[in-house]
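Peer 1: Numbering (the numbering used here), first residue to last: -10 to 264.
Derived by calculation from the structure, the hints in this document are not laboratory data.
Note that the Cβ used here is the ideal one computed from N, Cα and C, for glycine as well.
Heads up, some of the hints might be wrong.
[Claimed, not checked] So the derived label-pair ranges between C-beta atoms look like this:
1) D129 to H48: 45 to 51 Å
2) G103 to L247: 33 to 39 Å
3) C140 to A190: 49 to 55 Å
[Stated by the list, open to error] Straight-line C-alpha distance at most 27 Å; calculated DSS-like pairs for lysine-lysine:
4) K250 to K168
5) K74 to K250
6) K164 to K177
7) K182 to K262
8) K164 to K262
9) K45 to K74
10) K55 to K182
11) K173 to K262
12) K45 to K164
13) K73 to K262
14) K198 to K182
15) K55 to K73
16) K118 to K189
17) K141 to K189
18) K73 to K189
19) K74 to K55
20) K262 to K194
21) K45 to K177
22) K55 to K189
23) K73 to K263
24) K263 to K118
25) K118 to K55
26) K55 to K198
27) K73 to K118
28) K118 to K45
29) K182 to K118
30) K55 to K263
31) K141 to K177
32) K250 to K164
33) K118 to K262
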Amino acid sequence: MQKDFEKEYYEAEHFWEDASLSDENNVMRIRETVRMIPASVQNIADIGCGNGLFIKQIHQDRPDLKTMGFDRSTVALRYVEGDKKEGSIEHLDFADGAYDCASCLEVIEHLPVGLYEQALSELARISNKYLVISVPYNEDLEMDANQCPNCKSIFNANLHLRSYDMPTFTALFEKYRYKCVEHKLLGKRVNYKFHLEYRKAFYPKQFRKWLAPICPICGYHEPANSTNRATAPTNNAQPAPSILRKVFGLLTAIPKALWPKEERYYWIIGVFKKI
-10 MQKDFEKEYY
0 EAEHFWEDAS
10 LSDENNVMRI
20 RETVRMIPAS
30 VQNIADIGCG
40 NGLFIKQIHQ
50 DRPDLKTMGF
60 DRSTVALRYV
70 EGDKKEGSIE
80 HLDFADGAYD
90 CASCLEVIEH
100 LPVGLYEQAL
110 SELARISNKY
120 LVISVPYNED
130 LEMDANQCPN
140 CKSIFNANLH
150 LRSYDMPTFT
160 ALFEKYRYKC
170 VEHKLLGKRV
180 NYKFHLEYRK
190 AFYPKQFRKW
200 LAPICPICGY
210 HEPANSTNRA
220 TAPTNNAQPA
230 PSILRKVFGL
240 LTAIPKALWP
250 KEERYYWIIG
260 VFKKI
């Protein structure tokens, strides 16, 4: 059953109008995902389609492809072009093998135990050839952790419940007789090595700011006029940097230039073929 707090979160109009859903990186991810749909696919069901950005891109790049959008949010489905249906991922209202391909993008990392297993099974059931799946890659769930000001519970601000490395991801549908035949990492970022560990050790409060719209434990809402939220805008002018700060910045620039860096990726996209 869909939890009340999640229903409230995903039925908010502003959530589906959020500019970050169509920023440059997300657009690149969506375009690349469309490109990965096998050429033989004639119809596709996008499960957890949200406001239909993926479906819209399919209509532009693969106009021959028939689409079905499926989501639990009534508000989100208002934005979806073409055929669509409302429902829950654990009980997909489609026949066995109804679609050449089922896609599920940035959804399964949100699902709790029980519902998660049902969702994977349902995705495998309604497809007769392929699955296209994307999730955050090697996500450090503490990076976006926040703490509820009311009940003090600590949870991921994006409501992500699990992290995926390469072996975990590629084996997702093995028990359902699907093999990962293609995968791609996207959203490249270059970070300083051990920077995250440094922040955790010396600035732990950075990982306890209130970032979520609602607490999944106690249902806490921050008042609309509150300025406590970490993302709240401010009109206060920032003071000009002092000479000392400028000198400090120059001194730290030297080790930064020499410090080893590492590449990380935000998303992994995979194509799974029924065998």
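Peer 1: Would you mind marking each hint as holding or not holding in the structure?
Peer 2: Against the structure, the hints come out as follows:
1. D129 to H48: 45 to 51 Å: Cβ of D129 to Cβ of H48: about 35 Å, so the range 45 to 51 Å is violated.
2. G103 to L247: 33 to 39 Å: Violated, at about 49 Å.
3. C140 to A190: 49 to 55 Å: violated (26 Å)
4. K250 to K168: violated (33 Å)
5. K74 to K250: Cα-Cα ~45 Å, so violated.
6. K164 to K177: violated (31 Å)
7. K182 to K262: At roughly 36 Å apart (the allowed maximum being 27 Å), K262 and K182 break the hint.
8. K164 to K262: holds (13 Å)
9. K45 to K74: holds (16 Å)
10. K55 to K182: violated (45 Å)
11. K173 to K262: The hint holds at about 15 Å.
12. K45 to K164: This hinted pair is violated, its Cα atoms lying about 32 Å apart.
13. K73 to K262: holds (24 Å)
14. K198 to K182: holds (24 Å)
15. K55 to K73: Distance of about 11 Å is within 27 Å: holds.
16. K118 to K189: Violated: K118 and K189 sit about 44 Å apart, past 27 Å.
17. K141 to K189: At roughly 18 Å apart (the allowed maximum being 27 Å), K189 and K141 satisfy the hint.
18. K73 to K189: The hint is violated at about 44 Å.
19. K74 to K55: Cα-Cα ~14 Å, so holds.
20. K262 to K194: violated (44 Å)
21. K45 to K177: Between K45 and K177 the Cα gap is close to 24 Å, so the pair holds against 27 Å.
22. K55 to K189: Answer violated: K55 to K189 is near 47 Å, above 27 Å.
23. K73 to K263: holds (25 Å)
24. K263 to K118: holds (5 Å)
25. K118 to K55: Roughly 15 Å separates the two Cα atoms, so the pair holds.
26. K55 to K198: Distance of about 43 Å is beyond 27 Å: violated.
27. K73 to K118: holds (21 Å)
28. K118 to K45: Roughly 22 Å separates the two Cα atoms, so the pair holds.
29. K182 to K118: violated (41 Å)
30. K55 to K263: holds (20 Å)
31. K141 to K177: Violated, at roughly 33 Å.
32. K250 to K164: Violated - the C-alpha atoms of K164 and K250 are around 38 Å apart, more than 27 Å.
33. K118 to K262: holds (6 Å)
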